[in-house]
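Asks: From first to last, the protein sequence lines are chains Y and U. Residues 1 to 236, numbered by our numbering, are exactly what the first sequence covers, in order. Residues 237 to 528, numbered by our numbering, are exactly what the second sequence covers, in order.
Incorrect hints may have been included.
[To be verified] If the Cβ cut is set under 10 angstroms, some of the chain U residues that face chain Y in the computed set are: (1) T280; (2) A281; (3) V434; (4) E440; (5) A444; (6) A456; (7) L473; (8) W492; (9) D504; (10) M524; (11) R526.
No lab work stands behind these hints, which were simulated from the structure alone. The C-beta atom is built at its ideal place from N, Cα and C for all residues, glycine as well.
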Amino acid sequence: MGTTTGEAAPAGASPLLTLMTWLSPAFPVGAFAYSHGLEWAAEAGDVRDAASLEEWLADVLAHGAGRNDAILLAVTHRAVTTADGTALAGAAELALALATSRERLLETVTQGNAFVLTVRKTWPTPALDLLRETWAGDVAYAVALGVAAAGHGLPLVQTLEAFLAAFAANLVSAAVRLGVVGQTDGQAVTAALLPHCRRIAAEAATAELDDIGGAAFRSDLASLRHETQYTRLFRS
Amino acid sequence: MSANALRSDMRPDIDQAATAAAAPVPNVPAFVRARGGVRVAFATAGGRTHPLTVAESGGYRIRFPRNAQTCEGTIINTGGGMTGGDLMQVDVALAPGAQALLTSQAAEKLYRAEADPTRIEVALRLGAGSTLAWLPQEMILFDRARLVRRLTVDMAPDASLTLAESIVFGRTAMGEEVVEGQLDDRWSIRRGGRLVLVEAVRLEGAVAARLARRAVGGGARALATIVHIAPDAEARLEDMRAALAGGASECGASAWNGLVVARLIGSDPAALRADLVRTIETFRGQRMPRYW
């Protein structure tokens, strides 16, 4: 395969095809099982139609996990590209400490660990060895993706855009399954969120760990309330 | 020296402006900008905890009421508030086995900042087997306030920490909102050297409009967070949930990584304060300090 740091995508695949594959709902990280607290927001009536869903998710992207995870991914990507193990370990540690609840931690580490496991077997890259050498703990999803993308030379901004779009689309899919919106309205919400994804990706690409921070207080609260929600489809 | 006597000698212009209803807060020239804080180290002697060393600077004082059953320190800002360019630093260290509670005499008022933000730096260090309750009263952000706060905790694996912080947006009794402002607040908590929790709040620009949005504040005017870290912390999740129950504020709790976190959000700061007091008293099994 000859996949070394800096090489442009796995042999025979373009960056676009690689990102589409890794961020497809078919990639075995189990993204479908997580609603990021949206299930409680729907129960509480905060999210009840296309307009309220779009507003809620736009804020989760811009002021919640979307932007923060994008910055973590960017810092990780740069750390791998410059072979800076200390910076990589710092981002990996911070990514776990930033979890705002037990279910948010579960959401990011089950996907992150599963992603690392699959990519190690199917798209091996020395970048994953660097991660293993510098960080022994669970791996947050954004960090896992940042390591793999940098290891395969995938461009940062496109990786960030694809990551944020997949995050948004996964939550819209959750809303569809919760009966908040139908399929067509769901796609309209996803389409409306894509410009936000691009804007946040552009900002995150040059951001540092000190730029991390959010204000999605009621989204975080929804994640707490979800833990004691009586009937649940989702693990977060 | 009483707290009131201390208050009279520091920056009376600001103190009066803050208490005079509807009076605009004057711009404060750079030369009166305040830097100060308190540094205190607690240690045990004769089976009790005592403040071993105390250092006060600027307009800040710390007092230890004699009638308190435990070692209880009250931090006093004799300036009556903070504005842009002000810096407050609090440094607390507990020797192994020490037990202390720290609070503040009054809510901290954050006035409008013209250029530089107001800066607060808090460092808490907890030695082996020590116990700290960090329970300051709320911070009130005036319109156009800009606050950068850094709170760092470095605690031994078997130390216990109960920490509660709350923020009110605007002088709500006067109908004020934080139309514009900045809140950049980061807590970094290490336990046995391991980073176990980072709370990173970043809210800037059109604060009131942002807080009106459902995923942000849903019209919130006050926020509070309680963090409890102790060897048995995760086992106390149901205690925390029970303590939260019955209030007017939106709230929830979770436990992971050896810690319990509770969050409260409310549109009525007075109701949220009452919920916070009741929750902390129930959870700790002790009354709040006198100034609360």
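Asks: Hints first: check each against the structure and report whether it holds.
Replies: Here's how the hints hold up against the structure:
Annotation: T280 (chain U) was flagged as interfacial toward chain Y, and the flag is violated, the nearest CB pair being 31 angstroms apart, outside 10 angstroms. Interface hint status for A281 (chain U): violated, as the beta-carbon distance to the closest one in chain Y is roughly 36 angstroms, over 10 angstroms. With a least beta-carbon distance of about 4 angstroms to chain Y, the hint placing V434 (chain U) at the interface is held under the 10 angstroms criterion. The interface hint given for E440 (chain U) is met, as the beta carbon of that residue sits about 9 angstroms from the closest beta carbon of chain Y, less than 10 angstroms.
Hint status for A444 (chain U): violated, given a least beta-carbon distance of 12 angstroms to chain Y, over 10 angstroms. The beta carbon of A456 (chain U) is positioned within 10 angstroms of a beta carbon in chain Y (closest approach about 7 angstroms), and the interface hint is therefore held. With 10 angstroms as the threshold, the beta carbon of L473 (chain U) comes within range of chain Y, its nearest partner Cβ sitting at about 9 angstroms, so the hint holds. Among the interface hints, the one on W492 (chain U) holds; its C-beta lies about 4 angstroms from the nearest C-beta in chain Y, closer than the 10 angstroms criterion.
Proximity of D504 (chain U) to chain Y is violated relative to the hint, the smallest CB-CB distance being about 16 angstroms (cut-off 10 angstroms). At its closest, the beta carbon of M524 (chain U) sits 23 angstroms from a beta carbon of chain Y; the interface hint therefore is violated under the 10 angstroms criterion. Taken as an interface hint, R526 (chain U) does not check out: its beta carbon lies about 30 angstroms from the nearest beta carbon of chain Y, beyond 10 angstroms.
Violated hints, in rising order: 1, 2, 5, 9, 10 and 11; the structure is consistent with all others.
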